[in-house]
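Work out the full structure, taking the sequences as your base and the hints as a guide.
For the protein sequence lines, the chains are R and H, in the order given. Note that the numbering used here numbers the first sequence so that position 101 is 237, with each residue one more than the last. Note that the numbering used here numbers the second sequence so that position 115 is 163, with each residue one more than the last.
Hints in this document: simulated from the structure, not taken from any laboratory. Certain hints may be false.
For lysine-lysine, the following PhoX-like pairs were computed, each having C-alpha atoms within a straight-line distance of at most 20 Å [said to hold, decoys possible]:
id: 1; chain 1: R; residue 1: Lys-173; chain 2: H; residue 2: Lys-223
id: 2; chain 1: R; residue 1: Lys-376; chain 2: H; residue 2: Lys-223
id: 3; chain 1: H; residue 1: Lys-54; chain 2: R; residue 2: Lys-231
id: 4; chain 1: H; residue 1: Lys-151; chain 2: H; residue 2: Lys-114
id: 5; chain 1: R; residue 1: Lys-207; chain 2: H; residue 2: Lys-223
id: 6; chain 1: R; residue 1: Lys-207; chain 2: H; residue 2: Lys-54
id: 7; chain 1: H; residue 1: Lys-88; chain 2: H; residue 2: Lys-117
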Amino acid sequence: MLKKRIIPCLDIKDGRTVKGVNFEGLVDAGSSVELAKRYAEEGADELVFLDITATIEKRKTLADLVELIAKEINIPFTVGGGINSLEEAAVLIRKGADKVSLNSSAVKRPELIQEIASQFGSQCVVVAIDTKCVNGDWKVFVSGGRIETELKTVEWAKTVEQLGAGEILLTSMNSDGTKNGFEKSILKEIVQELNIPVIASGGAGSKEHFKEVFEETNVSAALAASVFHFGEISIPDLKKYLKTNNIPIRTTP
Amino acid sequence: MITIVKYNAGNVTSVKNAIERLGFECIVTDNIEELQKADKVIFPGVGEASSAMAYLKEKGLDEVIKNLKQPFLGICLGMQLMCDYSEEGDVECLGIFKTKVKKFPPLDLVPQMGWNSIVQNGKENENEDVYFVHSYYAEVCEETTATCSYILNFSAALQKDNFYGVQFHPEKSGKIGEEILRKFLNI
Chain R
137 MLKKRIIPCL DIKDGRTVKG VNFEGLVDAG SSVELAKRYA EEGADELVFL
187 DITATIEKRK TLADLVELIA KEINIPFTVG GGINSLEEAA VLIRKGADKV
237 SLNSSAVKRP ELIQEIASQF GSQCVVVAID TKCVNGDWKV FVSGGRIETE
287 LKTVEWAKTV EQLGAGEILL TSMNSDGTKN GFEKSILKEI VQELNIPVIA
337 SGGAGSKEHF KEVFEETNVS AALAASVFHF GEISIPDLKK YLKTNNIPIR
387 TTP
Chain H
49 MITIVKYNAG NVTSVKNAIE RLGFECIVTD NIEELQKADK VIFPGVGEAS
99 SAMAYLKEKG LDEVIKNLKQ PFLGICLGMQ LMCDYSEEGD VECLGIFKTK
149 VKKFPPLDLV PQMGWNSIVQ NGKENENEDV YFVHSYYAEV CEETTATCSY
199 ILNFSAALQK DNFYGVQFHP EKSGKIGEEI LRKFLNI
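See the structure below:
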């Protein structure tokens, strides 16, 4: 049976992990490679690296980091943040990233999805959507959630699927950082409308939240950052809990 | 020397990294002589079947591959190209495995993307999930050595003589995947 995926997300700045990381035994808590390896060993099903470095001269740092990660990590990983062209995506994929994630750049120029998908396949292209409910309508936000667009979330998700996106990473800004649980209403709606996998993001605060999102929506994966980084939820514990609650989940001996 | 076939549909970086993590050296080449004298050959693949076959034919690699005698491992599209035929681009393939490659009927999300269990000798390998990403599958046949279930039952692994094929990505399947690769590299 195909399993639901648990995906830790690592924010990267200037080639290093940001946010404090509360892991015992890590020699260098800022080392993205070391943290990624740790997650892979603990049973993470995939990893997402989001580069929050804005400047162009730092992009090379990201490519170098991707090369290092690819050498060390034996599970699939996605890289996102500021990828604006086919060339930039191609560099990261050739260095060993399994998927690239597009956000604002896809809103600005939707053809970018098509360009990457036709060269490397849809399975390589994740479109990240930041969404917030405004006056009863779920709208798409860009630029790290700072700018509201005219796009309605479900419509935009359908568009990116048609353009060749292989997966949607949906972050609810209403719940992001609250630790009150994933925003199930919009996830439910998106999953119903699409034929590609949807990754739930934003709001994970407890093991129960993961169970609820898998039970109540048909998402393929759930992503979280701080609850893993700060050790509030350990991946082996979470997976054991989900399995006990009959969620199809990958466990290792 | 472990040799990876270089062609227009490779996820060569990941496979090369995985082999090196296991402590083996490898080269990536489409040079016919180098392929023929390799100890082991790995045939990766992420891409489209008909354009990949066209490329192999143009380089004369199709005949070379079929006649190799050393252990040979096809991964994902590489495995599919080792079958008789693929619906993807309606193309005749290498004909090593006597089976057809078909597109998943749209009864669930396509591609299958993620970790799934495989069944070997009638037994489901628990705690040994492997990572799949594919929209096409090889029908179960005599050479099938493991099956997987997604939408339907299909070939997760095949073997005929020195030829091995896996639909999943051992190079992305954590420790289990590493064990599978190590076994192949130690044949």
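Hint check results:
1. Lys-173(R) - Lys-223(H): OK: Lys-173(R) and Lys-223(H) at ~12 Å, within 20 Å.
2. Lys-376(R) - Lys-223(H): It holds: about 19 Å lies between the C-alpha atoms, which stays within 20 Å.
3. Lys-54(H) - Lys-231(R): Distance ~16 Å between Lys-54(H) and Lys-231(R) Cα, so the pair holds.
4. Lys-151(H) - Lys-114(H): Outside the cut-off at roughly 24 Å; violated.
5. Lys-207(R) - Lys-223(H): Holds: Lys-207(R) and Lys-223(H) sit about 14 Å apart, inside 20 Å.
6. Lys-207(R) - Lys-54(H): Within the cut-off at roughly 19 Å; holds.
7. Lys-88(H) - Lys-117(H): holds (9 Å)
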